[in-house]
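**Student:** My request is simple: use the sequences and hints to build the entire structure.
This is what each chain is made of:
2 protein chains.
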Amino acid sequence: MKIIVDAFGGDNAPLEIIRGAVDAYHEYGVEIILTGREDVIRSVSAENGISLDNITIVHADSVISNDEAGSDIIKKKSDSSMAVGLKLLSDGGGDAFVSAGNSGALCVGATLIVKRIKGIKRPGFAPVMPNINGYFMLLDSGANVECKPQMLQQFGIMGSVYMNKVMGVSNPRVGLANVGTEEHKGDELRHEAYALLKDSPVNFIGNVEGRDIPLDGCDVVVCDGFTGNMILKTYEGTAMALMKRIKGVFTKSLKTKLAAAIVMPEMKELKKSVDYNEVGGAPILGCAKPVFKAHGSANAKTIKNAIRVTKEYVENDVIASISAALSELKASDTP
Amino acid sequence: MKIIVDAFGGDNAPLEIIRGAVDAYHEYGVEIILTGREDVIRSVSAENGISLDNITIVHADSVISNDEAGSDIIKKKSDSSMAVGLKLLSDGGGDAFVSAGNSGALCVGATLIVKRIKGIKRPGFAPVMPNINGYFMLLDSGANVECKPQMLQQFGIMGSVYMNKVMGVSNPRVGLANVGTEEHKGDELRHEAYALLKDSPVNFIGNVEGRDIPLDGCDVVVCDGFTGNMILKTYEGTAMALMKRIKGVFTKSLKTKLAAAIVMPEMKELKKSVDYNEVGGAPILGCAKPVFKAHGSANAKTIKNAIRVTKEYVENDVIASISAALSELKASDTP
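Each protein sequence line maps, in turn, to chains L and R. The first sequence runs 295 to 629 under my numbering. The second sequence runs 295 to 629 under my numbering.
Bear in mind the hints are in silico, worked out from the structure with no lab data behind them. Treat the hints with caution; some may be incorrect.
It does not matter which identical chain is used: a pair holds within one copy or between any two.
Claimed, not checked - With a cut-off of at most 30 Å between alpha-carbon atoms, the simulated DSS-like pairs for lysine-lysine come out as follows:
1) K551 x K409
2) K546 x K565
3) K479 x K409
4) K479 x K369
5) K479 x K538
6) K415 x K549
7) K381 x K595
8) K479 x K583
None of these values were measured; they are calculated from a predicted model.
**Tutor:** Below, the structure is given as structure tokens:
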């Protein structure tokens, strides 16, 4: 299996990306193709004692930064490490693509360069996040600010397949993010999406409120990209604020520092379990080939984990299963 | 000042409500009018040694429960403790109304029985919530699932006045909840609301992302009721999940229990600072008279605090200031 990795995406590129990709090569036995400026990849690797033996490099002149518009990937930045990687994937030069770069550009590029699964209206940005018992998927988390009901239905189907095939959740519970649990809650979009999801080949458990999402209310949270982005980032901000406050408690005095020392291993364990770097990121679900977004602050471990998850994404043939689920929809519902 | 209190609203009604209201009478010197079944109020008070001296009771036959539709308050439950209290407020029988009951019913009742401030399109449900440094207001948090741009503009103005007059924040920073900080981010509603807020008599700081809300990104978060409800409840759920996990860390072994004992006072302080019961709840902003929603799980302390905040709401004449701010809007923007 060949995994294409954007060596210049993310805050810690290229060193941490290269290191993570090379580690994944050794640990998971996948072939690695790095995209980006070949001279820089070679010099950074040499400086840091990283061997590039058996690693392929495909040169790309530029980088698309986080400040640039996502749409720039098509024309202005068609020579970027991200665009070159997506083109390579589309042309059959690899089995999957991983990037920690500009999320918007990756969504646009995945949709327009790699193209969509037949029948899928719009791909969704689908991070896997920790909840109190394990993990849940939140989609769409920002690729589509405005959505139609059928898009939400497809998000539910795709998320269900992914959580089952890659995350090993049997019969994933699919919930529609809404302002109340009763069927009549929410706006027109929610009403129509509810009706479609009820009639889909997924384990639809109805509406799920924001409060229940981190408390393991379901395995797949379905929403439009505006709502998903607000949920995702409110979740992150709340966790960050609380962890900062707790750190404040522990560093208040000599006495509390002693307590901190006692619970340090358990707190590290907790921090690890709510840590993005462990889960690795978000697939762009709905693309014709696997495209995976690693967290922007990805370090070598994050990238290695992202490649491990992406390997399972490929091996378990998520895309074929999504196609099969779509064809299960009744003719009247078929896109 | 006469504060009308719904003795039968909330999970701990009527005992905790009565106790909190009587405590507020003694502590803050406000007159209290309790609404609800007089026989029950008298017997519960007697059984629990609460003196009702100088407390007025206005009888109401029924209660509107949390399971009932908000609109039921108008006809089916017009004899409820909430409806009777709102009617009394509207008729001039008191200066403000406090309830821990059905939020939806309180929003509907406040709008239709108490009526709106002249020029206000729709009242907003506006909880004050803790952030890393203090408090912020989130409105609308669920009264209006669908909003027009002008409603968001008015939420910004009302929130700014309240945070200044009641919470003592000078020149409150008003932010528009959005999927990115750049002006062009979000949907049509966000674009139009952004333009209106920029042109309003508030300290508009632009868009604010979910991540920045708990991290003190602004003092007033403006959004439609669907988004606000998702933010509010995701925030609550994330904090609950994390606190549960931390409790798990502390109770893991004898050793960690020792650490817990050491940091107990600081952890209690932290828990208190993220506790709803301290802030007391949410005004329904935009009503012609002060209506205040206490948290559904309100205990006596919550109710006492809610009455204290409501007293300041009345004393600082928030409603007159909102009217004044509305009239400051240019003629072209005036509703």
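**Student:** One pair to classify: K479 and K369, alpha carbons no more than 30 Å apart. Within, between, both, or neither?
**Tutor:** between (43 Å within a copy, 21 Å between copies)
**Student:** First find the shortest C-alpha distance between K381 and K595 inside one copy, then the shortest across copies, and answer within, between, both or neither for a cut-off of 30 Å.
**Tutor:** within (26 Å within a copy, 62 Å between copies)
**Student:** One pair to classify: K415 and K549, alpha carbons no more than 30 Å apart. Within, between, both, or neither?
**Tutor:** neither (58 Å within a copy, 54 Å between copies)
**Student:** Check K551 against K409 for me: Cα-Cα at most 30 Å, and say if that holds within a copy, between copies, both or neither.
**Tutor:** For K551 and K409, the Cα distance exceeds 30 Å both inside one copy (53 Å) and across copies (54 Å).
**Student:** Using 30 Å as the alpha-carbon threshold, which applies to K479 and K538: within, between, both, or neither?
**Tutor:** between (35 Å within a copy, 29 Å between copies)
**Student:** Within, between, both or neither: how does the pair K479, K409 come out at a Cα-Cα threshold of 30 Å?
**Tutor:** between (35 Å within a copy, 24 Å between copies)
**Student:** When Cα atoms must be at most 30 Å apart, do K546 and K565 count as within-copy, between-copy, both, or neither?
**Tutor:** both (20 Å within a copy, 16 Å between copies)
**Student:** Classify it for me, K479 with K583: is the Cα-Cα distance of at most 30 Å met within a copy, between copies, both or neither?
**Tutor:** between (36 Å within a copy, 28 Å between copies)
Hint violations for this structure: numbers 1 and 6, all remaining hints satisfied.
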